[in-house]
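Q: Take a look at the letters that make up each chain.
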Amino acid sequence: MAMRRAIGTQIVERWSSGLRCRSMSLCFHGIEPAPKDPILGVTEAFLADESPHKVNVGVGAYRDDNGKPVVLECVREAERRIAGNLNMEYLPMGGSIDMIEESLKLAYGENSEYIKDKKIAAVQALSGTGACRLFADFQKRFLPDSQIYIPVPTWANHHNIWRDARVPQRTYHYYHPESKGLDFASLMDDIKNAPNGSFFLLHACAHNPTGVDPSEEEWREISYQFKVKGHFPFFDMAYQGFASGDPERDAKAIRIFLEDGHLIGCAQSYAKNMGLYGQRVGCLSVLCEDDKQAVAVKSQLQQLARPMYSNPPVHGALVVSIILKDPNLKSLWLKEVEGMADRIIGMRTALRENLEKLGSPLSWEHITNQIGMFCYSGMTPEQVDRLTNEFHIYMTRNGRISMAGVTTHNVQYLANAIHEVTKST
Amino acid sequence: MASTTLPLASGASAICNSKPKIRFGGSSNVGHLLRKERNSPLFTTLSTGRITMAVAVNVSRFESIPMAPPDPILGVSEAFKADTNSAKLNLGVGAYRTEELQPYVLNVVKKAETLMLERGENKEYLPIEGLAAFNKVTAELLFGADNPVVQQGKVATIQGLSGTGSLRLAGAFIERYFPGAKVLLSSPSWGNHKNIFNDSRVPWSEYRYYDPKTVGLDFDGMISDIKEAPEGSFILLHGCAHNPTGIDPTPEQWEKIADVIQEKNHIPFFDVAYQGFASGSLDADASSVRLFTARGMELFVAQSYSKNLGLYAERIGALNVVSSSADAAARVKSQLKRLARPMYSNPPIHGARIVANVVGDPVLFNEWKEEMELMAGRIKNVRQKLFDSLSAKDKSGKDWSFILRQIGMFSFTGLNKAQSDNMTDKWHVYMTKDGRISLAGLSLAKCEYLADAIIDSFHNVS
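Going down the list, the protein sequences come from chains L and U. Here the UniProt record's numbering is used: the first residue of the first sequence is 1, the next is one more, and so on. Here the UniProt record's numbering is used: the first residue of the second sequence is 1, the next is one more, and so on.
Excised from the complex, chain U in its bound form:
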């Protein structure tokens, strides 16, 4: 900001009380600034007529602000976009792609949007808790419409900004009403979980989950760590299709997890981002949540429609809090609203309407179930093809069958950071540095190429 001459407001009458405004040596703030520093970047001059004085220009307070690191997940897509190599493959963010590797807008979504356009509904503010029709169907989809907790009004449901926003609301609620309580995250977990609880100022620690030796679940470690946690901790569980590992507990294991959580008076906190995407069945994928609810446990569930309805960018999800009475649920809901208001006032309407229309209409709902099965089916086929390619090409005898056992959108390859870097640098395969690949971004056609890349990275890079 080089020195410039600023014209003072014209007209003496503009100046308050008609007193001359410029005082030399008056205020101590200004006094020491009275120098004619014409070319200093720190000063500019104000003049009226022949009177000139120097005042400090706003030097930016943001001088020392460092560049934030690229987001480990969303940053991958940005890097992918910048890559000009024709072989490039984006297996970073969990966004479903067709076999042609194109984004996919579900047919039911298009139909819902057409309906909405025809109806010409208004765009008024939603209530803070979101669209009532959406809140109703989302709770029913998750718990089952005939679930007693739904029937008896024991669920506080509030529309949130997809999974992230719903988790953040829960974090803020925990910080305010359960001060000092800890959240336990699986090791590993979705990278943004820790950011959410950090920014919510909720302490967190990890429970063992992934066992690299078996490329499976470290069940004993998990149970042990949950037992160790201070009573009344929040245990963050992935309802289905664990992100990033794709490793889910079996139904028997879920029962044991519920046992130890009850024993320690912990609070189960489910993150359900892939309902329908894991097995292809919406009901089957909700079975872990329903198991816990059936035991009369109070719990939190964050939902997202980003993947299963392809509504990524609409930011539509929900936070559900199951309590033991309708009265408590009402009070909890009112406090969740109080947390949302200074965050964004009320949630965005568009995605909520789409979900309400699809899930609330029997015809569209059935069509959705079919599309869901197709999407999940494509991923299962891709898993199979990837496994077949790896087994055929890899002569080392390494067992790649974990790929078939993992479930959902992702595969945890077991590649370390250096190996993952090799995938990107040499093979232009974009993935997250924890070794996670999104099978939703893989086509049957590319499986062989990917197998080559994985084999090379695994064996030739350490």
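Extracted from the complex, chain L is given alone in its bound form:
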């Protein structure tokens, strides 16, 4: 906010006579180059590197054991069925009904009473980002006094999203650097100390960037305390299926909250678990008290989307609904998701073992304790810079390793490099 005002002031100051810009080049004169996005900028740098040893463990996009992007078989099959056949008419404003239905089943449970009773307001969204942004805008418009509690650390773009939606942010304790696990006591304190009825952003599974998830018991505790305080839980679920390999298991936190009677919000993404990154497919849902309210809330979510992009893109939504509605394709998908999760779990084990074999003085058990695509290594920005500059290993400066980028071919190299930069710690 302050920065925006500062840039505005800069520009206004140039127009001392009260006139507006004399030409756009003068107006654009005050426009600074934006800093590189901390996550997507890493890939750009990686692509520009010509070293044959380079390793990209930056962005959270799954790679196979050859370091290649993967298009799932079930997705290819779905696309064969789509190509050139269906027309490209605008989807309804809320998006593909089929995709939404299937998404709700995944998140809330196949036989959820809330789905049957039509109590969930849900719209197709531009992947997880779009779902979070729609919810943030919705919060701003209808609950203008609310703020959002965001865990420390979190996916960097969460801050951008709620900031651009102009919803004030607070943080809550999450990661415990000493144990490289969950700072549960401080987390609970923050929940208790927040004003009643606060909005909390929770990572449903496979926390990004730390890979540290609450246990089932801890989730129950959190849910209980949320009830006491009347807090609103907003789940960002970007990795359902990717964490444990089992989508039902990965939805456990959400199910606990639903059992406890919470009215939740949920952002879902198919970027990772269906490998549909570039298609931008996701779903935003808000559980309401009754079907009438759900209809009203949905209409307002559509109203927010209309001046942003009118209606969401069809292709990815078609892929998702074809897969999830066809029992054979769905079980193929489940197998493929499990395969991806298993490969990552295997790489976690391999990386840890390699580091231990090298005689690292540090403990690396957090690598296998953590879950999902990311490992919060505990390395400092300076150590990360050394990894990049000396070893051509690309990752975000917070020490987050995307395990999806680790392969049997590069795990030793990676372990060596990490050991090199950390052995004197």
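What the hints contain is simulated information worked out from the structure, not anything from laboratory work. Among the clues, some could well be false.
[Stated by the list, open to error] Partial list, computed: chain L residues near chain U (C-beta under 10 Å): (1) Asn-66; (2) Lys-68; (3) Val-71.
[Claimed, not checked] Dumping the calculated PhoX-like pairs for lysine-lysine here, alpha-carbon to alpha-carbon at most 25 Å: (4) U:Lys-136 x L:Lys-36; (5) L:Lys-118 x U:Lys-81; (6) U:Lys-393 x U:Lys-433; (7) L:Lys-68 x L:Lys-140; (8) L:Lys-292 x U:Lys-81; (9) U:Lys-227 x U:Lys-182; (10) L:Lys-118 x L:Lys-36; (11) U:Lys-256 x U:Lys-227; (12) U:Lys-81 x L:Lys-325; (13) U:Lys-213 x L:Lys-140.
Ideal Cβ placement from N, Cα and C applies to all residues, glycine included.
Model the placement of chain U on the given structure of chain L, informed by the hints.
A: Quick look at chain U alone, frame taken from chain L:
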């Protein structure tokens, strides 16, 4: 949410620090809730063993949220779908239909998709600014590949979510970097323009455009209002095939518009949603944009491939910002990316690939030009037939020739809201309440029926 008994997490060890969790009268938050309200919808009970306590159930915060009104344009299709009358006609949303009133997937699009399927390309994230191949061809299509602004790198192009998304990015950019600057919209304009600038928190006002008396352009009013606007305003111009009126300035008028914009140091902001659809020629339809660019003006252009490549639901378009130096263009592009990231991170890939394949391949591009001419041609024929039917059937002597002068997908009939309602209620003709009909949704076969409906509504309803 009736009261239910919630089992507490099993096992005392699950509770942090192994201290008993239930405290009676402890926290002031909880204390006043300690009543056994079994049947109150506001309370539920938690019990462990024989200890029961009441905690407030989440009462929804969304209780007071009103139902949003149906979208004036997209809502029309939804109403049409619900209508069971066999004579129904959807002239609402601007989506091209064949003579059989079926949606149309262009042959070049099918070919491109087949190619893409064969290549088996991956679905990785695009960069925030979108597919590079797409950005290159879209700027070339708009400005011309040999245009100096393209050659000299003065255009910042970023893939956007069709026209809407591109306009919204521009709105966000204007709000952030030109605080207080106003956007001027034509009166009337596409209904969603004002929503976009409202939600971007950019102030807007209107310039006169449509003259109901002549059913043509109020050119003097337009020039006058543009002159009146505070210096440095953004003037939103429809590059071709004005929506909803179908009335475009002549080349001479465009020159004068450019004059007054330059005089007032305004910034031209083009919305180009129908390139190719207006006249049938992609180049001719870009002439207004090229005229302004040739004068060395800095400007914004939002593009959409929804109509001209039939890629409606793929949401593919672009925002182009022409600045006076390559350095400024690079900086502008970087800031546009920063605005896009918290909106959707990166744009959808499918439509971008289709466009890049069609526009980037000489064979497919030529085929596209032919299909474009066919689509635009069908609409011209329908205009003619509608005009002929109206002239033949209407005995009042009213001059319907404005239908022939209007250009693009739409015709602005001049019907008011009550008359438009009559079109729908009595004749099951779905259109927007501003009197706009989408000729893309009209077949030659239905022209006579439509003429009857229009004549009835015009003369018998006020």
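Q: Each hint should be assessed against the structure and marked as holding or not.
A: Structure-based check of each hint:
Taking 10 Å as the C-beta cut-off, the interface hint given for L:Asn-66 is violated, the closest approach to chain U being about 13 Å. With a least beta-carbon distance of about 8 Å to chain U, the hint placing L:Lys-68 at the interface is held under the 10 Å criterion. For L:Val-71, the interface hint holds, the least distance from its beta-carbon to any beta-carbon of chain U being 6 Å, beneath 10 Å. In summary, the hint linking U:Lys-136 to L:Lys-36 is supported, as the alpha carbons are separated by about 22 Å, within the 25 Å threshold.
For the hint pairing L:Lys-118 with U:Lys-81, the CA-to-CA distance comes to about 22 Å; that is within 25 Å, so the pair holds. Between U:Lys-393 and U:Lys-433 the alpha-carbon distance is near 24 Å, which keeps this suggested pair within the 25 Å criterion. Under the criterion of a C-alpha separation no larger than 25 Å, the hint pairing L:Lys-68 with L:Lys-140 is inconsistent with the structure, at around 41 Å. For the suggested pair L:Lys-292 and U:Lys-81, the alpha carbons sit about 22 Å apart, so the restraint of at most 25 Å is met.
Restraint check for U:Lys-227 and U:Lys-182: satisfied, since their Cα atoms lie roughly 13 Å apart, inside the 25 Å limit. Between L:Lys-118 and L:Lys-36, the direct Cα distance comes to roughly 43 Å. Violation of the 25 Å bound is thereby established for this hinted pair. For the hint pairing U:Lys-256 with U:Lys-227, the CA-to-CA distance comes to about 11 Å; that is within 25 Å, so the pair holds. Proposed proximity of U:Lys-81 and L:Lys-325 is supported: the alpha carbons are some 24 Å apart, at most 25 Å.
Taking the CA atoms of U:Lys-213 and L:Lys-140, the gap is about 43 Å. The hint is violated against a cut of 25 Å.
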